[in-house]
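In order, the protein sequence lines correspond to chains A and B. Residue 522 in the working numbering is what sits at position 522 of the first sequence, and the numbering runs on without skipping anything. Residue 150 in the working numbering is what sits at position 150 of the second sequence, and the numbering runs on without skipping anything.
Just so you know, the hints here were simulated from the structure itself, not pulled from any lab data. Be careful, since some hints might not be right.
Put simply, identical chains are the same to the list, so a pair is met inside one copy or across any two.
Only pairs whose alpha carbons sit at most 25 Å apart, straight line, appear in this in silico DSS-like list of lysine-lysine [said to hold, decoys possible]:
(1) K460 x K485
(2) K2 x K401
(3) K37 x K144
(4) K533 x K485
(5) K2 x K62
One-letter residues, chain by chain:
Number of protein chains: 2
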Amino acid sequence: MKGLMMDYALTVPSILRRAAQVYPEKEIVSRMSDGSKVRITYREMYERVIRLMNALREMGVKPGDRVATCAWNSYRHTELYFAVPSIGAILHTVNFRLFSEQVEYIVNHAEDKVMFLDSSLAPMIATLQPALPCIQHYVVMDDKSEPPTVTPTPFSDYEALLAGASSIESFPDIDENLACGLCYTSGTTGQPKGVLYSHRSNYLHAMGECMTDSFGISERDTVLPVVPMFHANAWGLPYSCAMVGAKQVLPGSHLLGSPIANLMESERVTFSAGVPTVWRVLYQHLKQHKHDLSSLRLIVSGGSAAPLSLIEAYKNDFGITLTSVWGMTETSPVGTLCRPRAWMDAWTEEQRSVVLPKQGIPVPGIEVDIRGENNEVLAWDGQQAGEVVVRGPWVVSDYFKNERTEATLTPDGWFRTGDIARMDEYGYMEITDRTKDIIKSRGEWISSVDMENLIVQIPKLQEACVVGRTDVTRGEAPVVFAVLKEEEAEEGVKEEILALLATKFAGWQIPKRADIHFIDAIPKTSVGKLNKKALRATLEEGS
Amino acid sequence: MKGLMMDYALTVPSILRRAAQVYPEKEIVSRMSDGSKVRITYREMYERVIRLMNALREMGVKPGDRVATCAWNSYRHTELYFAVPSIGAILHTVNFRLFSEQVEYIVNHAEDKVMFLDSSLAPMIATLQPALPCIQHYVVMDDKSEPPTVTPTPFSDYEALLAGASSIESFPDIDENLACGLCYTSGTTGQPKGVLYSHRSNYLHAMGECMTDSFGISERDTVLPVVPMFHANAWGLPYSCAMVGAKQVLPGSHLLGSPIANLMESERVTFSAGVPTVWRVLYQHLKQHKHDLSSLRLIVSGGSAAPLSLIEAYKNDFGITLTSVWGMTETSPVGTLCRPRAWMDAWTEEQRSVVLPKQGIPVPGIEVDIRGENNEVLAWDGQQAGEVVVRGPWVVSDYFKNERTEATLTPDGWFRTGDIARMDEYGYMEITDRTKDIIKSRGEWISSVDMENLIVQIPKLQEACVVGRTDVTRGEAPVVFAVLKEEEAEEGVKEEILALLATKFAGWQIPKRADIHFIDAIPKTSVGKLNKKALRATLEEGS
Chain A
1 MKGLMMDYAL TVPSILRRAA QVYPEKEIVS RMSDGSKVRI TYREMYERVI RLMNALREMG
61 VKPGDRVATC AWNSYRHTEL YFAVPSIGAI LHTVNFRLFS EQVEYIVNHA EDKVMFLDSS
121 LAPMIATLQP ALPCIQHYVV MDDKSEPPTV TPTPFSDYEA LLAGASSIES FPDIDENLAC
181 GLCYTSGTTG QPKGVLYSHR SNYLHAMGEC MTDSFGISER DTVLPVVPMF HANAWGLPYS
241 CAMVGAKQVL PGSHLLGSPI ANLMESERVT FSAGVPTVWR VLYQHLKQHK HDLSSLRLIV
301 SGGSAAPLSL IEAYKNDFGI TLTSVWGMTE TSPVGTLCRP RAWMDAWTEE QRSVVLPKQG
361 IPVPGIEVDI RGENNEVLAW DGQQAGEVVV RGPWVVSDYF KNERTEATLT PDGWFRTGDI
421 ARMDEYGYME ITDRTKDIIK SRGEWISSVD MENLIVQIPK LQEACVVGRT DVTRGEAPVV
481 FAVLKEEEAE EGVKEEILAL LATKFAGWQI PKRADIHFID AIPKTSVGKL NKKALRATLE
541 EGS
Chain B
1 MKGLMMDYAL TVPSILRRAA QVYPEKEIVS RMSDGSKVRI TYREMYERVI RLMNALREMG
61 VKPGDRVATC AWNSYRHTEL YFAVPSIGAI LHTVNFRLFS EQVEYIVNHA EDKVMFLDSS
121 LAPMIATLQP ALPCIQHYVV MDDKSEPPTV TPTPFSDYEA LLAGASSIES FPDIDENLAC
181 GLCYTSGTTG QPKGVLYSHR SNYLHAMGEC MTDSFGISER DTVLPVVPMF HANAWGLPYS
241 CAMVGAKQVL PGSHLLGSPI ANLMESERVT FSAGVPTVWR VLYQHLKQHK HDLSSLRLIV
301 SGGSAAPLSL IEAYKNDFGI TLTSVWGMTE TSPVGTLCRP RAWMDAWTEE QRSVVLPKQG
361 IPVPGIEVDI RGENNEVLAW DGQQAGEVVV RGPWVVSDYF KNERTEATLT PDGWFRTGDI
421 ARMDEYGYME ITDRTKDIIK SRGEWISSVD MENLIVQIPK LQEACVVGRT DVTRGEAPVV
481 FAVLKEEEAE EGVKEEILAL LATKFAGWQI PKRADIHFID AIPKTSVGKL NKKALRATLE
541 EGS
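Turn these sequences into a full structure, and let the hints guide you.
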């Protein structure tokens, strides 16, 4: 028997209307390239979105069409996050930091019809323009950078477009299962794949982020997303902030150190989100410059694991809580979040140090399982490691144009993340590796992440990365790439690494002395992760 | 174009499985009638629910069947909240405090197949049994009250039933739009009507309650629902608590004063929910007895408006935040909640006193409009009053057996609440009356609630109620029923009422001296609201 509740669609335009009606006075603050700030209220944003919706229709954008953005975090990007889905079209946030061949690939693969771009990115896009025949209109957003030397031609100016557009409100009926946004994975293996979010998935993900045990975004928050709006759905923050009327502070293209600290201080930021690199650089800045960041209640760090040392340094030196979040483009992205249980407050610092660096428990809405090599369900005992599989209303089931492979889902329909983890008895997940990065030695697994986490505890080291190389007798053997801190010397460090590893790893797991290399920097992917593929490639070249 | 996210159903059994898997150690504590406490963990609850699901199947309960409960707040009632929907059947929580004819009506109207009842309610149900031919099985739950003198015959014992049931887990696939729960309205006009919740509506409502700006229920909370589990879906708390692993404290049948204060203190309760009467009685108790309630972070008060004096008394005398929530059985029930905006912190106490007694802003998911007599949308200007209409994923569209009338929904599909309210420019709703209670005098409206709120500020008065009587010249005229506090005398009080009303109401709105009556108590409905229908009836008898 059916329930008799309203058939109410969970859609992005309903979030937009709520923001304008219930929180008309709350602000979105944008830092422009020249350091100036632009402030608009949710009510003003709404009126501009109405014009933008009409401008898109004027340009011939139809429901289901893809509209590309190449832009940093700004109020205009937020407007696009709302306007494009509100006419039933699909917002494709292009990660322009990928290789230009990949940008070319994804714009053509998405068949984007219109592209909105920051003026600072105009030269880059102008170069690509001949390879992007699908784009019928370019719209340039003046981000107050130096005037671009070249631009795609012809192009419209964003503000002129809005000024000329109708202000008549017209919202089409939208089914909650319709596509709303499109993000491509960073494609460390093969071509990037498109993840097609629905209105429903974005709405539910936003509700999830406002739950107290997740990000807990509320009207009282001032949120600074350092995570770029062109990556992984901006972690859903444009939608969750608008849903509860949180003030937003958008940093433009200045994402490291001083500009972030200044914005946090001047706008009294309470919540921020970004990758560990951002927090490492900010920490170094804060050690050297005085800032009042007492307004901050929570920083969430995701994309890769935040080391315990960084979590503790923020807490001990600045009283700031930094928490790990785990997810991926395919999970909208929030999947798990690490908050100690209430009863863990009574624990010693040592006991808590076991939990804090974990990726945390599944957020409500997300179910997590760990599976063995034959898809068997493994116990949550803190011991067994298996592949993390997830399901939930904001998890992908298929890639754009149905590019699913057999490896995308388990036979029982869970998404295979490619991460290896243990789950403890209280549901805290600890990622130990990527399936493709794990080192298989003598038929056993060596976790490259466990090894890295141990090695970076050596004070002289800045970073470390462990990958496997082919080994005749063992199958694979671990290789360490280490980056020394400025002004530190190599002397004795190899011995220190080997001695430290011997405290936690079995003899056969420990790398040979010759397999420890010092390099100037670990190569990173376009989204700031350790690029193990590139490091493995250097080993193959050398062999 | 459809989004490519998982088709993941939002269901009650997924909340149950989450509670057992992620929060196995968290507790549900029940106070029994003899004052003892029973503690079970979510893991134990899960195992008992599995047995209960199998026992229900053994009794022949099929998907879509209705299963009645007549029970106070206890862990067994929580088990029923999960087990019945998890086999696809419908949990019908019977409000046994209605008149017995109404209980008889709703059980037969619902065609309940099985009834679970507390042993303390057995005599009452035994009397009704001949009139309830649809019930095929009675199951008695021993709540440690005096052994019942009579019981329905035959009956099973709840614990014996569980002990004899299979422990094999078997969850059917459930569509999120399937019916999950059934609650009847209290039926102040006409027969009670059934509201049929779906799995989706209960799931989304639970997510909503865990949002920081709503109830903000989290793992760190210990929640004491004073609101009965047989009324208005228990305000959704059994589901929201389980979703985030909050500890639950269930008070059984002892809902006033000392037992509540003792439970709050001994279990370190952080959050509680109930009607204003509960909080008024608890306040009186706390004034006379010392309790450490420092663990409480929030009390929400709904069902009728909490007066500012009570909100301020809790804050000033005990440092406890008491907040108004508005909703009804038809809205699952949470619709609006009053939290001052961050920037209102800078306000004076006087300014805040304007906002605090309001019903607050719509919670995310709920849209509110106020409409004029011809369904026209009225502005949110704090001035215009109109009927509150709502829509959202946990709002009713139809009553059970499709007993919708033309007045249920507006022509554009919003639910008509029957409440009259103003909305201010920041979205704060202030209920001024019920459509059926408003007094229409000389073609204008007089708000009975505004008048009551003013009158109860007189220190000698305990309560007041204002209704309309037919008046030859004015159409309707207001009549005041006032209840003096113990040991206070009538002398001079009528004059005080008239003088006070003259400060805020026009001369033609003010009642005649002869229309002010002192009575011993205001009659209440089964859920504790002022029974204006009964008072109007006494006027008609007298005329």
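Hint by hint, here is what the structure shows:
1. K460 x K485: So K460 and K485 pass the 25 Å test inside one copy only (6 Å; across, 76 Å).
2. K2 x K401: So K2 and K401 pass the 25 Å test across copies only (11 Å; inside, 33 Å).
3. K37 x K144: within (10 Å within a copy, 66 Å between copies)
4. K533 x K485: within (23 Å within a copy, 79 Å between copies)
5. K2 x K62: Between copies only: 14 Å across, 34 Å inside.
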